[in-house]
Each structure stands twice: as structure tokens, then as C-alpha cells.
Amino acid sequence: DQQVKQNSPSLSVQEGRISILNCDYTNSMFDYFLWYKKYPAEGPTFLISISSIKDKNEDGRFTVFLNKSAKHLSLHIVPSQPGDSAVYFCAARVELRNAGKSTFGDGTTLTVKP
Amino acid sequence: NAGVTQTPKFQVLKTGQSMTLQCAQDMNHNSMYWYRQDPGMGLRLIYYSASEGTTDKGEVPNGYNVSRLNKREFSLRLESAAPSQTSVYFCASSETARRGTGELFFGEGSRLTVL
Numbered sequence: 015d016q017q018v019k020q021n022s023p024s025l026s027v028q029e030g031r032i033s034i035l036n037c038d039y040t041n042s043m044f045d046y047f048l049w050y051k052k053y054p055a056e057g058p059t060f061l062i063s064i065s066s067i068k069d070k071n072e073d074g075r076f077t078v079f080l081n082k083s084a085k086h087l088s089l090h091i092v093p094s095q096p097g098d099s100a101v102y103f104c105a106a107r108v109e110l111r112n113a114g115k116s117t118f119g120d121g122t123t124l125t126v127k128p
Numbered sequence: 336n337a338g339v340t341q342t343p344k345f346q347v348l349k350t351g352q353s354m355t356l357q358c359a360q361d362m363n364h365n366s367m368y369w370y371r372q373d374p375g376m377g378l379r380l381i382y383y384s385a386s387e388g389t390t391d392k393g394e395v396p397n398g399y400n401v402s403r404l405n406k407r408e409f410s411l412r413l414e415s416a417a418p419s420q421t422s423v424y425f426c427a428s429s430e431t432a433r434r435g436t437g438e439l440f441f442g443e444g445s446r447l448t449v450l
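Read top to bottom, the protein sequences are chains P and X. Adding 14 to a residue's 1-based position in the first sequence gives its number in my numbering. Adding 335 to a residue's 1-based position in the second sequence gives its number in my numbering.
Treat the hints with caution; some may be incorrect.
Simulated crosslink set (DSS-like; lysine-lysine; CA at most 30 Å straight-line) [stated by the list, open to error]:
1. P/K85 / P/K68
2. P/K127 / P/K70
3. X/K349 / X/K392
4. X/K344 / P/K51
5. P/K82 / P/K51
6. P/K19 / P/K51
7. P/K70 / P/K85
8. X/K349 / P/K19
9. X/K392 / P/K85
10. P/K51 / X/K406
11. X/K344 / X/K406
12. P/K51 / P/K68
13. P/K19 / P/K85
14. P/K70 / P/K19
15. P/K82 / P/K70
16. P/K68 / X/K344
17. X/K406 / X/K392
18. P/K127 / X/K406
19. P/K85 / P/K51
20. P/K68 / P/K19
21. P/K82 / X/K392
These are computed hints drawn from the structure, not numbers from a lab. Bear in mind the structure is a predicted one, so any value in this text is a computation, not a measurement.
I would like the entire structure built from these sequences, with the hints used as guidance.
Here you go:
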């Protein structure tokens, strides 16, 4: 049973428009939610996170929204740029033995067209 | 800044052979992790180490062993490689969970093919 789901394998948007990437989860014990960005042949890099006690976190062009009642979070990128084209992974973290054990979704490939 | 370094970057094995993937981090992080990523899928946790001297199983530990050699190094061993272990392996490290979000810092990955 997949605890973190990204139901859209791909998303294509025009440069300058908004990109919205979605993620659903099932485990209420997750304490942080994180988004990672991955380019081909590289490791994922951290983008933005949100605590389970918050409903919004903003960092420049990136905003993450958390809806706990729906067990849903989304990443908004405004405005989208061609360099944002990458695979985006949603991850949910639970603290276990003082380590942050993260569960990942399958990723959404974002393509931003010039 | 090296961050997280993995070796080797590429490896081809025959079924039944053994090998060890090495990982080292220079960020003084307490926690280290090994993930695998298969095509079209997310990262799945194989093993993790909350701190030096401790290791625990993740979601997909079968066929693997790990060693937390010291605070910097965390190795992953395949004792008898199988084609199902063909994947890209990522090592990661993080601060102790209680100190923040626990964001993961990843290495560049090791692409392993088992024939």
C-alpha cells in the first residue's frame, strides 16, 4: 500500500505560467512533508518543506500548501521557468529512532516550454 | 564542498557476484540512508542509520547488508547479486530528526546492472 502518491506522472506548462504539482498521503503520523527536484543522472536536491502543523510555506517562487483534512499537499511554482523542467518528488517524513525516515512518491515530470 | 560522495558510479555484475557500494559524507550528519530507484518509481528505503553504531531496515532490505563504519561512512553490500537488484542506488545523509525538517542530502547515485 503506497503511503505517498503522486497521481500525475507528467505535467507540461508554458513559461511564465503557474505549475501545480499534487501529492496525497495516507499516514497521519508524518511530521514533515518535503519536495525534491531531480535532474537526469543527478541525485535529488531538496526544494522546500512544510511542517504538519502548518498549512502554507513559501520560498521565493515556490509555495507548498498542506490540507491535513484531505491528506493532500501541493507545490506551486510561479512563474515557471524552463530551468524548472525536472522530476519532482513528494516525500513525507516520520521520526524513527531519531532519524527522519522519508517515504517518496513516484514523481511528476515537469516540462516548462519556452 | 563534496557533500555526499558515492563510489562506484557505475557497475555491472553477474548474477551471484558480490559487491559493496561506498558512501561518505562530510557534513557531520548523524543519520545516513540508502535508497534505490527503479524506472518510473520513487525512491525506496533499503536501510538507514540514525547514528554511528546503529542500523535499521527500511522498506526493501532483503538481499542487502549495511555497515556504518564511522560517522562519515555508510556502506551497502550485495552478497549475491540478482537481476532484480538492477537499479540506481542513492546514499543520503541528514541532521538528527529532532533538529529540523530532516531534509536529505543525496549523492549522485550508483547505477548497478546485474546480468
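Right, here's what the structure says about each hint:
1. Note on P/K85 and P/K68: the hinted pairing holds, with a Cα-Cα distance of about 13 Å set against a maximum of 30 Å.
2. Only pairs whose Cα atoms come within 30 Å are accepted, and P/K127 paired with P/K70 is accepted, the gap being roughly 27 Å.
3. As the CA atoms of X/K349 and X/K392 are separated by approximately 25 Å, the hinted pair is consistent with the 30 Å bound.
4. Among the hinted pairs, X/K344 with P/K51 is consistent with the structure: their alpha-carbon atoms are about 20 Å apart, no more than 30 Å.
5. Distance restraint check for P/K82 and P/K51: the Cα-Cα separation of roughly 23 Å lies within the 30 Å cut-off, and the hinted pair is therefore satisfied.
6. A threshold of 30 Å between alpha carbons decides the hint, and for P/K19 with P/K51 the separation of about 16 Å falls inside it, so the pair holds.
7. This hinted pair checks out: P/K70 and P/K85 have alpha carbons roughly 14 Å apart, not beyond 30 Å.
8. Using a Cα cut-off of 30 Å, the hinted pair X/K349 and P/K19 is violated, with the two alpha carbons roughly 34 Å apart.
9. With a CA separation close to 26 Å, the supplied pair X/K392 and P/K85 stays within the 30 Å bound.
10. The straight-line distance between the Cα atoms of P/K51 and X/K406 is roughly 27 Å, inside the 30 Å bound, and the hint therefore holds.
11. Annotation: proposed proximity of X/K344 to X/K406 holds, straight-line Cα distance about 22 Å (limit 30 Å).
12. For the given pair, P/K51 sits about 22 Å from P/K68 by alpha-carbon distance, which is consistent with the 30 Å threshold.
13. Straight-line distance between C-alpha atoms of P/K19 and P/K85 comes to about 11 Å, which keeps the hinted pair within the 30 Å bound.
14. Taken as a hint, the P/K70 and P/K19 pair is honoured in the structure, with Cα atoms around 20 Å apart against an allowance of 30 Å.
15. A distance of roughly 11 Å separates the Cα atoms of P/K82 and P/K70; the hinted pair therefore holds under the 30 Å criterion.
16. Between P/K68 and X/K344, the direct Cα distance comes to roughly 39 Å. Violation of the 30 Å bound is thereby established for this hinted pair.
17. Of the pairs offered as hints, the one joining X/K406 and X/K392 holds, with about 18 Å between alpha carbons and a cut-off of 30 Å not exceeded.
18. With a C-alpha separation of about 44 Å, the suggested pair P/K127 and X/K406 falls outside the 30 Å cut-off, and the hint is violated.
19. Between the alpha carbons of P/K85 and P/K51 the distance comes to roughly 21 Å, so the proposed pair stays at or under 30 Å and holds.
20. Between P/K68 and P/K19 the alpha-carbon distance is near 20 Å, which keeps this suggested pair within the 30 Å criterion.
21. For a cut-off of 30 Å, the pair hint linking P/K82 to X/K392 stands: about 28 Å separates their Cα positions.
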